[in-house]
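K.L.:
For the record, the sequence lines run as chains A and B.
Position 256 (the first sequence) corresponds to 256 in our numbering; numbering is contiguous.
Position 18 (the second sequence) corresponds to 18 in our numbering; numbering is contiguous.
Read the hints as simulated data drawn from the structure, not as lab findings.
The beta carbon of each residue, even a glycine, is placed where N, CA and C say it ideally should be.
Possibly wrong hints are sitting among the right ones.
Here chain A is said to cover these stretches of chain B; the calculated rule only asks that three of the stretch's residues, wherever they fall, bring their Cβ under 8 Å from a Cβ of chain A [to be verified]:
| no. | region |
| --- | --- |
| 1 | 50-60 |
| 2 | 188-194 |
Chain B regions said to be covered by chain A (calculated; three or more residues, Cβ under 8 Å) [said to hold, decoys possible]:
| no. | region |
| --- | --- |
| 3 | 125-132 |
| 4 | 135-142 |
| 5 | 156-170 |
Quick list of simulated restraints, FRET-style, between CB atoms [said to hold, decoys possible]:
| no. | chain 1 | residue 1 | chain 2 | residue 2 | range |
| --- | --- | --- | --- | --- | --- |
| 6 | B | Pro111 | A | Asn272 | 39 to 45 Å |
| 7 | A | Arg311 | B | Asn137 | 57 to 63 Å |
| 8 | A | Asp120 | B | Ile96 | 43 to 49 Å |
| 9 | A | Arg25 | B | Asp51 | 43 to 49 Å |
| 10 | A | Arg308 | B | Lys138 | 57 to 63 Å |
Chain residues, written in single-letter form:
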Amino acid sequence: MTAYINQGSNDTRSGFGDGLTELGRTNPDVVALCADLIGSLKMQTFIDENPERFFQIGIAEANMMGIAAGLTIGGKIPFTGTFANFSTGRVYDQIRQSIAYSGKNVKICASHAGVTLGEDGATHQILEDIGLMKMLPGMTVINPCDYNQTKAATIAIADFEGPVYLRFGRPKVPNFTTLDLGFEIGKGIMLQEGTDVTIVATGHLVWEALEAAKELNSEGIKAEVINIHTIKPLDAEIILNSVQKTGCIVTAEEHNYLGGMGESIAGMLSRNHPSPLEFVATQDCFGESGTPAQLMQKYGMNKSAIIRKARHVMKRK
Amino acid sequence: MTDINYLEDTTLQIRRDILRMVHKVNSGHPGGSLGCAEFFVALYFEIMEQDTDFDMDGKNEDLFFLSNGHISPVFYSTLARRGYFPVEELNTFRLIDSRLQGHPTTHEGLPGVRIATGSLGQGLSVAIGAALSKKLNKDPKTVYALMGDGELQEGQNWEALMYAAGKGVDNLVATVDLNGKQIDGTTEEVLSLGDVRKKFEAFGWDVIELAEGNSLKHIIASLKDAKSKLGKQKPVAILMQTEMGNGVSFMMHTHAWHGKAPNDEQLATALSENKETLGDY
């Protein structure tokens with residue numbers, strides 16, 4: 001077993017904020033927009049250092065998406081910041097027409113995704129955003145797993161030409177990836193090799209998958225763990241190679257199983273290598289108020305859920 | 001100033017282009033297109049400093065954004081007649097594999113188009129973004145936008161209006177085509193816009209009223225007036241009253257031709273009222 005060490009829990013949104021700060025120092029074309037959530041998105045340092053490159057839009061997300069699209073004309077690279085709910089569902093048509101169809105180089109940066117937003121409840125806990133965004137032609141969808149990877153992804157997407165949806169979250173979670181790995185869009189990461197079951201996770205569920213693999217290993221089950229930080233384009237190769245070896249797969253994400261990463265993988269496998277698959281995801285329902293840990297437990301998106309699904313899917317081989 | 005006779009001839013030719021384009025495919029939006037023909041000619045042939053060797057970034061040139069994308073016929077004809085692409089390409093309007101989609105798009109790479117529009121209410125926000133980009137680039141040129149009046153029923157416009165004034169976006173001229181008509185009837189019948197001038201002023205815009213929105217001379221004067229008001233911490237709006245279907249007798253004073261093409265006989269009548277000047281495509 002490869003040992004992954006938590007270097008100190010931190011929130012992925014701080015990874016975004018620190019990545020943006022670095023971009024402010026290194027890339028003069030990067031500009032940032034926010035819809036009245038500077039603190040939540042950790043954008044203050046970028047603003048302090050680059051006040052002329054920051055646009056406080058107010059609580060007007062539709063206008064923010066349009067202004068971001070316009071800023072690309074003249075060569076700017078706009079990063080929009082608000083909660084995932086207001087970054088996607090609220091402004092779907094603005095993203096669809098002014099950004100995706102228009103092919104604009106806008107980076108839609110979305111915090112507080114999923115139920116780990118916690119106590120604010122279902123009005124703010126979007127579990128449909130990956131589906132909404134991956135359906136848009138030309139949209140790249142990225143959901144990094146920890147602080148380091150979110151920072152690396154934030155920096156990487158500035159050099160990538162085209163619209164990107166970058167999804168991250170509110171709670172402090174283990175920080176275990178190393179920054180020197182860099183970030184390659186569309187390239188899955190093999191975290192743990194195994195032969196009995198493949199666990200593919202994204203976002204906050206990657207650490208849970210590693211913890212699950214550890215426990216499964218103690219039972220003699222060798223789980224392979226893959227971090228799919230880029231949901232679109234999907235790294236089919238790394239998943240296919242794994243499933244051809246293990247013969248079954250669990251997908252894990254903080255999202256509805258409809259429209260999520262798991263659904264993309266299920267479709268890809270059914271076309272290429274039909275295999276037993278189980279989803280760790282919400283089951284077509286809304287969230288509710290609670291602590292992140294309570295919610296992840298209640299809605300079946302943590303280590304124990306992954307272990308349960310792994311045991312089950314192995315029986316279906 | 002460009003010879004007014006040439007501008008008038010260009011307007012006539014653009015009207016013919018609009019009519020022939022929508023007739024050929026029996027679809028499209030002639031009413032609003034005809035109503036704005038003079039505005040497009042004034043803007044593209046007299047006012048805007050532009051480079052027809054198209055570059056998406058449009059640095060150091062004036063930019064135009066059409067928010068009410070359904071009046072694509074007048075936009076396409078203007079761009080072609082101005083030299084952005086061959087006029088023969090107007091033949092492909094709304095046909096499969098064409099760069100001239102039903103509503104304007106960047107997706108097919110048509111020179112002169114910088115944003116896809118059609119789903120209403122989004123163009124002003126984009127124009128604001130482009131204006132902010134110009135400010136960052138220390139580019140002194142101006143950004144122009146055109147919106148329909150019915151389109152003001154979309155809430156995003158009011159977010160954009162609030163932002164542009166609140167943040168002093170003063171390199172932007174937004175024109176509203178006040179033809180008083182939309183698909184289901186007059187704007188009064190469908191959803192009254194109220195006092196548009198008072199609303200824009202209350203939002204903090206510098207407002208110019210243009211009662212003669214189908215007069216080249218008056219449009220040019222208003223656009224020049226607008227330009228003189230820029231750089232004073234306020235965005236500028238032109239409220240331009242036009243006649244939908246202008247120049248075609250049976251298309252005027254009705255909303256019936258918002259999105260309907262003329263038949264063969266109607267086309268012949270309409271063309272007889274607008275003589276060929278620069279050569280049909």
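K.L.:
Under 8 Å between beta-carbons, do enough residues of the region 125-132 of chain B, three at least, approach chain A for the coverage claim to hold?
P.N.:
Answer holds; 8 residues pass the 8 Å Cβ test.
K.L.:
Quick check: do three or more residues in the region 50-60 of chain B have a beta carbon closer than 8 Å to a beta carbon of chain A?
P.N.:
Contact hint for the region 50-60 of chain B vs chain A: holds, 4 residues under 8 Å.
K.L.:
Taking the Cβ atom of Arg25 of chain A and the Cβ atom of Asp51 of chain B, is their distance within the range 43 to 49 Å?
P.N.:
Hint violated: Cβ distance 33 Å, outside 43 to 49 Å.
K.L.:
Count the residues of the region 135-142 of chain B whose CB lies closer than 8 Å to any CB of chain A, then report whether that count reaches three.
P.N.:
Check passed, 3 qualifying residues.
K.L.:
For the pair Arg308 of chain A and Lys138 of chain B, does the Cβ-Cβ distance stay inside 57 to 63 Å?
P.N.:
Because 60 Å falls inside the window, the suggested range holds.
K.L.:
Taking 8 Å as the Cβ threshold, is the statement that the region 188-194 of chain B is covered by chain A upheld or broken by the three-residue rule?
P.N.:
Our answer is that it is violated, as 0 residues pass the Cβ test (under 8 Å) against chain A, missing three.
K.L.:
Does the hinted range 57 to 63 Å hold for Arg311 of chain A and Asn137 of chain B at CB?
P.N.:
At 59 Å between Cβs, range holds.
K.L.:
Taking 8 Å as the C-beta cutoff, is the stated coverage of the region 156-170 of chain B by chain A satisfied by three or more residues?
P.N.:
holds (count 7)
K.L.:
Does the Cβ pair Asp120 of chain A, Ile96 of chain B satisfy 43 to 49 Å?
P.N.:
With Cβ atoms ~48 Å apart, the hint holds.
K.L.:
Quick check: does the Cβ-Cβ distance between Pro111 of chain B and Asn272 of chain A fall within 39 to 45 Å?
P.N.:
41 Å Cβ-Cβ, so the 39 to 45 Å window holds.
Comparing the model with each numbered hint stated earlier shows that hints 2 and 9 do not hold.
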